[in-house]
Amino acid sequence: MDRIVAPTADALLDVRGVRQAYHKDSTADLVVLDNVELRLVPGEIVGLLGRSGSGKSTLLRIVSGLLTPTGGEVYWRGTRLRGPAEGVAMVFQSFALFPWLTVQENVELGLEALGVPRAEREQRAEEAIDLIGLGGYDSAYPKELSGGMRQRVGLARALVVHPDLLLMDEPFSALDVLTAETLRTDLIDLWMEHRLPVKSVLMVTHNIEEAVLMCDRILVFSSNPGRVANEMRVPFAHPRNRLDPAFRQMVDDIYAVMTRRAPAPAPRPVGAPPQIGLALHPLSINLLAGMLEALAGPPYNGRADLPALAGALQLEADELLPLGEALALLGFAVLEEGDIRLTDSGRQFAVEDTEARKTLFAQALRAHVPLASLIHDEVRERRNHRVSAARFRDDLEEHMSPDYADETLKAVIGWGRYADLFAYDEEADQFFLEEDQQEELSPARAG
Amino acid sequence: MSDTTFPAIVSARRLPNLLDIAAMVVIFGLFVALVTGARSTLQPLAAMQATAIHLQPSFLPYYALRTTMRMFAALVCSLVFTFTYATWAAKSRRAGMILIPVLDILQSVPILGFLSFTVVFFMGLFPGRVLGAELAAIFAIFTSQAWNMAFSMYQSLTTLPADLDEAARAFHLSPWQRFWRLEVPFAVPGLVWNTMLSMSGGWFFVVASEAVSVGSTTWKLPGIGSYVALALEHRDIGAVLEAIGAMLVVILLYDQLLFRPLVAWSTKFRFEVVAADEAEDPWLLALLRRTQLLRIGSDALGAIFFAVSGMRLARVRAPRERPAWRSRAADVVWIAALAVAIGWAATRIAGFIAHTLHWHDLATAVLDGCFTLARVLLIVVVAAAIWVPLGVWFGLRPRWARFAQPVAQFLAAFPANLFFPIFVVVIVHFALDPDIWLTPLMLLGTQWYILFNVIAGAAAFPGDLKEVASNFRVGGFLWWRRVMLPGILPYLVTGAITASGNAWNTAIVAEVASWGKTNLVAHGLGAYIAEASKAGDTPRILLGVAVMSGFVLAFNRLLWRPLYAFSTRRMAL
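Protein chains in written order, with our numbering: chain A, 1 to 447; chain B, 1 to 573.
Because the hints were derived from the structure by calculation, they are not lab data.
Computed from a predicted model, the values in this text were never measured in an experiment.
Any given hint might turn out to be false.
What the hints assert, rightly or not - For the chain A half of the interface with chain B, some residues (derived, Cβ under 10 Å), not all of them:
| id | residue |
| --- | --- |
| 1 | Val88 |
| 2 | Met90 |
| 3 | Leu111 |
What the hints assert, rightly or not - If you want the ones that stay clear, here's a sample from chain A, every Cβ over 12 Å from chain B, calculated:
| id | residue |
| --- | --- |
| 4 | Leu66 |
| 5 | Arg157 |
| 6 | Leu167 |
| 7 | Lys199 |
| 8 | Leu243 |
| 9 | Gly297 |
| 10 | Leu313 |
| 11 | Glu378 |
Cβ atoms here follow ideal geometry from the backbone N, Cα and C, with glycine treated the same way.
Generate the whole structure from the sequences, applying the supplied hints.
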């Protein structure tokens, strides 16, 4: 069983029809990844690009052997993958350094696990530490180092085992802009000079420019469930120039791919209960309002190119896109081909004062977020004006993972509070009506 | 150090469930087995030669040494237990199903009540020899230390940071390497903190377990506890004071030579991203780290340990794929086996109890339990009323806090039962009502837990909030109600939990006191257990201990854990 030779023997890694689902008792499985295909040959850097929740990190964990997929197969050097394989090393987003081990001990960890004799271990660790620019820090503990230095330790720890495949899970996203850029260029320099003891690199990122800057090939993931929506080759030679028009055009194209709307769900039949299974991000009202104001004002005057907007607002694609989508969902804006355009209600919101904004927002919520109107109605129908939030959470979990259900509920709580639709009691985990909200209600009842 | 680590008891499951009952049955089934086993061997034991204890101060260093040795023997046992039991419970899902509830209940059982028949049991194993009594004493100390240490280890093992776990797996660490490189280091800070609490409690037990009477027989082991017991018989207050002096020296040495360095060293293992401002090294650790010769020695030991713990020993096995139904079938078999075993234990317990006890015995025990409950509550309230203002005062003044915190920890470790005779003398002299005046004895040892936790809380109170309070001139009662009390609540609750746990145990020795031929008895469950022990009435000891466990358990589950959860939830920003 272990010795099935894959037909594509020249590939380092071959991922075929991988599917990852979380089992739900009551309803259908929650599918995180669906039918993913990926082939990796020696000598390339491949990027997995997608929004948070698109399953790209899950795919990386499946490739590393940390996670067994619920369907499909992964072949590593022609052999079916079972558990973490030799020749694959990983760099973590959070660095994952052992705080009680020194830099050198951390770097030696993987060699120790392979049973490499001490003398050789020390020599190889020394080489890796010097290669990655950590010389002199050998005896320091991770907490003494800055974030950038810590990720260098993470890189050295992965490189020291001389892996054929280097996996990187958003390796630079926990670092500040300047540090991340230095680390990226250092890594690419080493790669171009063939000094990295690896054959291929597979990296996960949500930063579009980072992907275009570093990768030879980019797989763009769509969300819910995660699928490879698009695959593109990056034709530029290293070192790449971010200001090159062709580079900019590619970034623009990827934005367009990522904002392309998923096919709209079939209209629900008349009389069916409102569809609440829509995952929401708990974005703060200030952020939404700030975005609307920025869009309405000059130089955009209601329409903006997303990459340019991301640069001006200093937001990453992963932060900007949810924002744009939330505005689109609420009917304040429209996303089209890498652009965002304000609608009439969006423009109106931007110029109104606080009270009018609340009214506008309440209308938008009731019109476009079925869960919010459901809570709004229920809490008014109950005699004591209290409804347990757990009920809605359970309903949501029929459609999404518990984490997403929590996020969605959080979003609705935040937005509902702002729109004055209902109040929420955290201790009791209940929705209720404040006294003034109840007073508004009673004349309506009488009438 | 106490700002991040809390006693193990507060963070577990909250509501009583079926497994608690199962665990309780298992534990008391074992006790019944122990008692029946012990009774059959009781007879030939009566003629053990009494070890002579001398009331001369010159013997005290030797006695102190014996007491300390017992203490450390028990600590070694506790550590072995912690590493095996907790690891087993964490690694095996099926074992964990029963091991963890058992541990949870054991934390609440007042083991002091069992002293008399653990002595009888161990004497039965080694008839006529001192070894039996020694083992019984060590066992008693072990039972006071092991549970919360094991719990803390279990909690660490089950809450490993996900990224480190993935890193360990991705880099192919073998189970042995994983244990020493990831799991043990991660558990160290919590384990050291809980060991310190355990040791503090342990001194109390070592003193209590050196002189034990069952029926007409009294066993005395050479040690500080038996020295005090003899002094009480001889009404020699001078000797009591000498023993207190000796104990002070012992605890001071233990504190300075073992625990200060250990706690400071364990901060290295704290799982944190940013370097916190660290306190200065205690002098011994500084000595070890900075003196050339000593450092070579400790480095060599460390290097050997590092090499041994880094060995692979076994290869990583690829996970085997097994059909889910087989695992589920094994679960069913396992649960059925557990149910049968528990049912059998339950019938044995019922048989044992029905033989000798009636419902009115239960009523008496529960009523006495209510008296003790009232005492425990009163003590926690009084201790809080006294020490919260003082603790806050100390905590807000860093210079004082640095001084007061270790002193309070030191006092918590000091076995308060050594001070009991002094109070008893006063009560006897003024012919005071024991129901009221024996109560402060319980306060003696327990109050310090509240003090040092409050100091830690006040010291950790955010500086900007203090500034806000003075900027808006919030003062007086409002300051306590809105600013300081909510701010230190999690710490106060932690202290109160530890204090009340100790108070229950202390009740067994504090509700009964004697001075020469005079006996003082207060109404309460502690006295009930103590009297039953003295009379060698095993069914009543069992009943008393079971009822007390029930009280402690209910108290923890219904009051402390919800309160703790509330206070941490509210205070988290």
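Here is how each hint holds up against the structure:
1. A cut of 10 Å between beta carbons decides the hint on Val88 (chain A): the least distance to chain B is about 7 Å, and the hint holds.
2. With 10 Å as the threshold, the beta carbon of Met90 (chain A) comes within range of chain B, its nearest partner Cβ sitting at about 5 Å, so the hint holds.
3. Because the smallest distance between the Cβ of Leu111 (chain A) and any Cβ of chain B comes to about 9 Å, under 10 Å, the interface hint for this residue holds.
4. Not every CB of chain B is more than 12 Å from the CB of Leu66 (chain A) (nearest about 6 Å), against its label as outside the interface.
5. At roughly 8 Å from the closest C-beta of chain B, the C-beta of Arg157 (chain A) falls inside 12 Å, breaking its exclusion from the interface.
6. A beta-carbon of chain B is positioned within 12 Å of the beta-carbon of Leu167 (chain A); the least distance is around 8 Å.
7. With 12 Å as the threshold on Cβ separation, the claim that Lys199 (chain A) sits away from chain B holds: the shortest Cβ distance comes to roughly 17 Å.
8. Distance check for Leu243 (chain A) against chain B: the nearest CB is about 35 Å away, which clears 12 Å, and the non-interface claim stands.
9. At the 12 Å boundary, the C-beta of Gly297 (chain A) stays outside the reach of chain B, the nearest C-beta of that chain being 34 Å off.
10. Interface exclusion of Leu313 (chain A) from chain B stands, the closest Cβ pair being 27 Å apart, more than 12 Å.
11. Here Glu378 (chain A) stays apart from chain B, with its beta-carbon at least about 26 Å from theirs, past the 12 Å limit.
Of the numbered hints given earlier, the model fails hints 4, 5, 6; all others are met.
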